[in-house]
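Q: With the hints as your guide, set chain B onto chain A.
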Amino acid sequence: MSSEKVRSRKQQRYYMNSEFNSASQHGSDYDFNENEKYNLANPSNDLDYVPAYQKDHAVFQSTHLNQAKLADPTSGKRFRFTKKRLIVLGLVFLMAAYFRLWKLSHPSKVVFDEVHFGKHAGLYINRTFFLDVHPPLAKMMFAAAGKIFGYDGKFDFKTIGLDYTSTNVPYASMRFMPAFLGLAMVPITYITIAAFGGSEEACLLGSLLVTFENSFMTISRLILLDSILIFFTGLTVMFWALFLREEGHPFTKTWWVYLILTGVNMGNALSSKWVGLFLVGTIGVWTIKDLWFRITDYRVTLNEVNKHFWARVLGLIVTPLTVYVFWFYIHFSVLTLSGSGNNFMSPEFQTTVGGSHLVSTMRDVYYGSKIRIRHDATNAGYLHSHASRYETGSKQQQVTLYSHRDDNNYWIIDYTLDQKKKLANSTNLNELKPIKNGDVIRLKHANTKKNLHSHNLRAPVTNKDYINEVSGYGGDDFDGDSNDDWIVRIMDGDNSVPSSFNQIVSIHSKFRLIHKNEKCALFSNRVKLPKWGFEQVEVVCMKHAKYPKSIWRIESATHEKINYDTAPKVSFKIPGFFEKFIESHVVMLRVNNGLTGSHFYDSRPFSWIYLRRGIGYWSEKGHTIYLIGNPIIWWLAFVSIVSFVAIQLVLVLRDQRGYNDQMFGYRAQYMNFTGFFGIGWAMHYFPFFLMGRQLFLHHYLPALWFGIVALASSIDIFTRKVSSKARTVIMCALLFYTLRLYFLYSPVGYGTSWTREACEKSKMLSSWDFSCKQYPSIAEKLAKQTFDKDQGKKDNEKIQEAEIVDPGQPQPIDNIDEEIRLNQPAPMINDEDKKKLESDWEKFKNEDVKGSASLQPEKKDGESNPENKNDKQDDKAGEIQNKEEKKEEQKQEEQKKEEQKKEEQKQEEPKKEEKKEEEQKKEEQKENQQVIDKKAEEPKVENENQVAKDKPAPAEPKP
Amino acid sequence: MSKAKIELVTGSTVSDISGLRNRLNTKESKTIHSEDESDGSNNAQEKDSLLIQKKKIEKKSITSKTKLNKNDALMFIAITIFSIFVRCYKISHPNQVVFDEVHFGKFAGQYMNRTYFFDLHPPLAKLMFTLAGKLTGYDGIFDFKSIGLNYDENNVHYVGMRMLSAILGALVAPASYILVRASGFGIVAGIFGSLVVCLENGLITQSRLILLDSIMIFFTAYSAMSYMVFRNVTDKPFTFSWWFWLLSTGFHMGCAISSKWIALFLVAFIGIATVYDLWEIIEDKDVSLQDYMNQFFAKALALIALPLAIYIISFIIHFQVLYKIKEPDSGFSKEFNISFEGAESTTTEKYIYYGSTVRVKHTNTNSGYLHSHKHNWQDEKSSKQQQVTIYGYPDGNNLFTITPAYNTTVEGLKHVKNGDIVRLKHKSTGSISGSSASPDSKKQLEAIYTKFRLIHVGLNCALYNSRQKLPKYAFEQTEVVCMRDCRPKMSTWHIEFVENDMEGAKSQIISYPKLTLWGKIMEYNKRMIETNNELIGDHPFASRPQKWPFLARGTAYWGGAGSVIYQLGNPAVWWLSSVSVIVFIVLVGVNHIYYKKTNTNLVEIDDANIFLLVVGYLLHYLPFFLIGRELFLHHYFAALWFSMMVFVCLVAKLVNNVSKNKVMVQLAVYSTLSLLIIHSYFTYFPITYGTQFTKKQCEKMKWRKNWDIDCSHAL
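Protein chains in written order, with this note's numbering: chain A, 1 to 959; chain B, 1 to 715.
Rather than coming from a laboratory, the hints here were simulated on the basis of the structure. It is possible that part of the hints are untrue.
[To be verified] Under the rule of at most 20 angstroms between Cα atoms (straight-line distance), these lysine to aspartate or glutamate pairs were calculated in the EDC-like manner:
no.	chain 1	residue 1	chain 2	residue 2
1	B	K384	B	E476
2	B	K106	A	E620
3	A	K549	B	D708
4	B	K596	A	E304
5	B	K469	A	E535
6	B	K285	A	D661
7	A	K253	A	E304
8	B	K597	A	E304
9	A	K773	A	E620
10	A	K516	B	D708
For reference, chain A alone in the conformation it holds in the complex (with noise of 0.2 angstroms):
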């Protein structure tokens, strides 16, 4: 444990290390074209240890000395297809793009998310502005792809389902442009691989991995922004490891190409999602390391490293900040249009995108002064108040925030009492008096005449010690009290008009209100009022309230004194790109951490590495769109980072005792190659489990590629000592596998038939939810018979029994294990499944009715109930549905006739309430089929409440 020992040691391992850092700087041990054989057939290549940092001082001079480098033909070999690589790329391009572009406008209805992107795209088009989480440059990709084809933005993909067909929108053209960018994955991935080193197996390996993904089909055949995340994140790894092998020539234009194509791609990918951030950590994380070393080693002087360290600034900050911050740009340049997004933004904001009402406003505000009032912080609206009381505290008038302008956001800036008095005496009541800092006024309501009040009570909703509930009180005829008073206190004013600063200025001057008596300061914070507000937002008095939620601004004042028109004026600065670029950032950040509902589809991200339920993207009769992946890539991508960290914990471990395995000599280029994938899957997978939002599937994606290309990399390099047969073995085996489930799984990937046995046998793991009752299938006739056969061997007990179980069912749906099985995954109900179970219920229904049919009237209760419309209609309804299940009764009849008399006979024995009960019975199922049919959901008076009528009234609910 001495530190020699320590230090030596770790001198050692960093000599290794610089090794590792500088073995893509050798280019011949790793190049593809003539060492990869050369590694095959003299694998004892690296295995030295010794020579290994001789060889390093040699690349460091030859990193040293630029022209010596230059001159050195074996320094650092440029990537270079070979014809044969280029055939069998080309080839595989062809058959992925087969499988990509196959029937790409099948369902020609609006699926999942298309919803919302096909919206953004007809949104651009038309140029209104609107806010979304996403950044712009995916939706924009769509618009221009659908401005292309024709798209003339208005049809407005309001609801999943809806029918393209009808309309004249462009939807494959616009789907081609994700699937073509999905399609482009396959040779990215080619070529990823191979310039990092791997055999030409691996990339073959690795582009038809990436090409029979099944979740990566699905995704990029319909318009969302995941394909093209992936795309950027892709190219980006693909210049860096083009840029990688550059290392050898630095400051070379290829070099410099490379380097800001990944910036650029990179910049790309974080305007496209901002999952794109975690691309940025990857590459980040690779240079900081690289750097590192290079800033640590004695040998590279200060002005190289410094230059290094720049170059990387430049291509890896500089520009894809450029890239992203040009995308807004466009952005902001297209939509100019007032939208649906204004409301979120500032006045100043909304000035640029068609709000020109608000331009200009008298300037000075006086005693006497009609003003609006807005919240400054939040945007949330302007001081409101209405003739509508609190239901809680004091129960006096109304103050809220409301968002949009009317008549009672009107205040008029007043007097205290006091002043009033001291006024009194002097004639100068009348005199225009300005609002400065400090001064003590009341806001009287400009409708209702109540004066802005606030008392020791608790707010409606924020039930906290330290806020005060804020009302309207007093009128025209009460005074009101001191609890009206409030000091005005300017927090912050404009340059352009200096005395914003000490006297209230519209617009320009951001004030506090204070409340004279409690101190507390009006603050808003978001929270909505219940029903009795109007859900309009809660206005409270806050006691050391924060600052930039206490602070507000006049909008828009008048004063009947003073003529409008030559009162000077002030308007609201137009914002400069930047502002306006801010300023969105910070709302998107707030609605995107807002994202903390539950959908049905939604996971976490324990459950993705394993696979353990897709998302329900689309679904009819028949046809059903679930994101899946090929389970065996999914699977094995996770193996091969495990094995990657643990090979690696082994490998400090033994390390640490002193140890040097080298792995074949194949460790530098395991650490280099699935290493960087490695932490590329962990930069993508982890952080989300950092964020509060609601997830999905598909944000494991881009992980995922990096997992893919890990796999591929870990099985080249745990194949190269074996022998060329048995690599070839192994790979096809793994191919041969991932083909047989990407084929078992394109139905519900592509939306193409299926049958419900082949869907039922597919299921790898009971949580994946696809419905498979919504295929057609013999099963079910099959399951009848043999069910009708067990009926007659049955004696009458068990026949009870038997109907418990649901007869037309092929597997029993009631039985709680599965129940618990499946519990998570839900399928909606899509029209498929609830035919299904109208059918089976109706099947059971019936037997039910003849077992009671001679003992009532039927339909009775409805008739007898004048007032119920709907229940006649359903009747209607039901008979019709019952004459279509007579045939089947028919033949049933013959085959129950036996039981049925056992049955009446049995049946004839209760008393009459239970006849009450059986009517009810009735009803219940009639609402059943109600519930179940959504074209019935109208409301419908209850009959239940006849037969209640006898019965004692119930007690009244604690409240």
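A: Coordinates of chain B only, in the frame set by chain A:
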């Protein structure tokens, strides 16, 4: 050779166990380097011998290893006395309930009355307050209802409880002295360290009141100090002092975590340090696997098992003391509530037959019972049928009768079984909700013990508690829906009450099983986690972590005539500490690069102990960024203490490095810094102790714009 090796192992010093390598001087390393190169292979033997020679030379020169002696004990006592004086000056002064004394005073009272209560902090610190109160005559009658209540008028003996907090707070100062000494610095540095801690106004404010943080910081400091001392004896494993300091670390860690959960960061700190130390031992080939495992398990015992045991014991005491309950706590399960004395237990018949009247309760939440009443749904989209809700209290409207489904008949008594199709008929209104029961157990339904789901036959959906509050027309009760494929947790029910008025029904009376002590502890802790996460508010003095290191704002505790208590740190200490953490990190980074480039040190800054303290600071500070709940300035105090230690050690280290004429420089540096700190301490004296002060003084205190000390209280 082997002898020499052993020497090498046992002679390891404070400075080289650690993460930062103790650099060789240039010449030596170069010789090794050149030898390696020239040799071209790793000749381990040669190298080892070289190292040993080098070691022997170095061993003589190392003095940084600290052995605590009599002088230190004397200093310890002296500092303690001084520190207690600083903390306890006018301790009875605001004879009113201040800030969170509302809570912790009340809890002490409840411990004395032995009535159950729930709090989101673990019990140890509160139990200590109770004990202190008991010993000094607090009787538990006063209930600390609101801030500002006068103690004297109510005849409350509150000083004892404040004294506990103050004395433990005061003891942090001598611990700091020992820590600085154990880190390898001299007595002067130690005294300076204890002075810094002693005169930190924020800590003083905190420890003069009945608040938990002072106790938590006391335990944190002693745990960290013990670990630092322990690192001085790692070379003599399994000796008495080795065991003593290791167990002391674990013991105080356990106490800290039983006082406040924030001490989890301390666990992370000690954990990481231990793992690192264990990692370093792997390297030493003289430590056999057996030795290694012994050390490993000894540390696991002291640092995992012991704290856990203390944590559990504190809860055992908690539940032993609190055995009565006044009102059932609706946040906890029935089982939990009836395990206390004074709770009404619900008894019921065991078996459920067709025709039984039952009250159905939602199992995994405490929302209440399935309920219906004679009011209809009123939403436009709704069916306008009778409402079914969940209602928290048992009443007549929660009773349902189980009847068979329409197509089955029942003769005589028949148990309700798993898979049966049943209907629940509302007893008082006679309405029916059609459902099929699917109890979980394969057997027949039993009250209380059988947990089941109700699956709708037609729609295949399960009765589900959506936990949403219904609007006013439904009396704001909880919503019940039928959800397809929902999670079992929210759709599991059990029958709490059965009434069989049929003939021949067997009546075996059962009630909820009482929870075991362990069950109670588990449920209590679960609730603590939930409550902690729910603490999202908008308190005016809540603050986010980025505001802490440079003391953006204080917290107003109390205001009286001519005086206020406003928790604000000693700005000099606070800022110097934060700056020194940054300076240390930057210096280490720069030095590392410099060393790599030139093989010489720029500054002699690498010190494992300071590095460890910085890690401690970061672990106590950074995790707060991930915590979404409402945070306050006092959450920073543990981190602050670590940063103060970094500050003191860094100063000592630099002073040792810089000067040849050590005494003069030391004197100059320490006295300047001390004067600065003392000046700042006296500036903020009034708002720390709540003594009277003038407006002029008040305005002078506002060194930063955001410090909103309420000057309207000043004279």
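Q: Hint by hint, note whether the structure agrees.
A: Against the structure, the hints come out as follows:
Under the criterion of a C-alpha separation no larger than 20 angstroms, the hint pairing B:K384 with B:E476 is consistent with the structure, at around 17 angstroms. Using a Cα cut-off of 20 angstroms, the hinted pair B:K106 and A:E620 is violated, with the two alpha carbons roughly 62 angstroms apart. Among the hinted pairs, A:K549 with B:D708 is consistent with the structure: their alpha-carbon atoms are about 17 angstroms apart, no more than 20 angstroms. Among the hinted pairs, B:K596 with A:E304 is consistent with the structure: their alpha-carbon atoms are about 16 angstroms apart, no more than 20 angstroms.
Between B:K469 and A:E535 the CA atoms are separated by roughly 16 angstroms; this keeps the pair inside 20 angstroms, and the hint holds. As the CA atoms of B:K285 and A:D661 are separated by approximately 17 angstroms, the hinted pair is consistent with the 20 angstroms bound. Of the pairs offered as hints, the one joining A:K253 and A:E304 holds, with about 17 angstroms between alpha carbons and a cut-off of 20 angstroms not exceeded. A distance of roughly 13 angstroms separates the Cα atoms of B:K597 and A:E304; the hinted pair therefore holds under the 20 angstroms criterion.
About 12 angstroms separates the Cα atoms of A:K773 and A:E620, which keeps this hinted pair within 20 angstroms; it holds. For the proposed pair A:K516 and B:D708, the alpha carbon gap of about 18 angstroms is at most 20 angstroms, so the pair holds.
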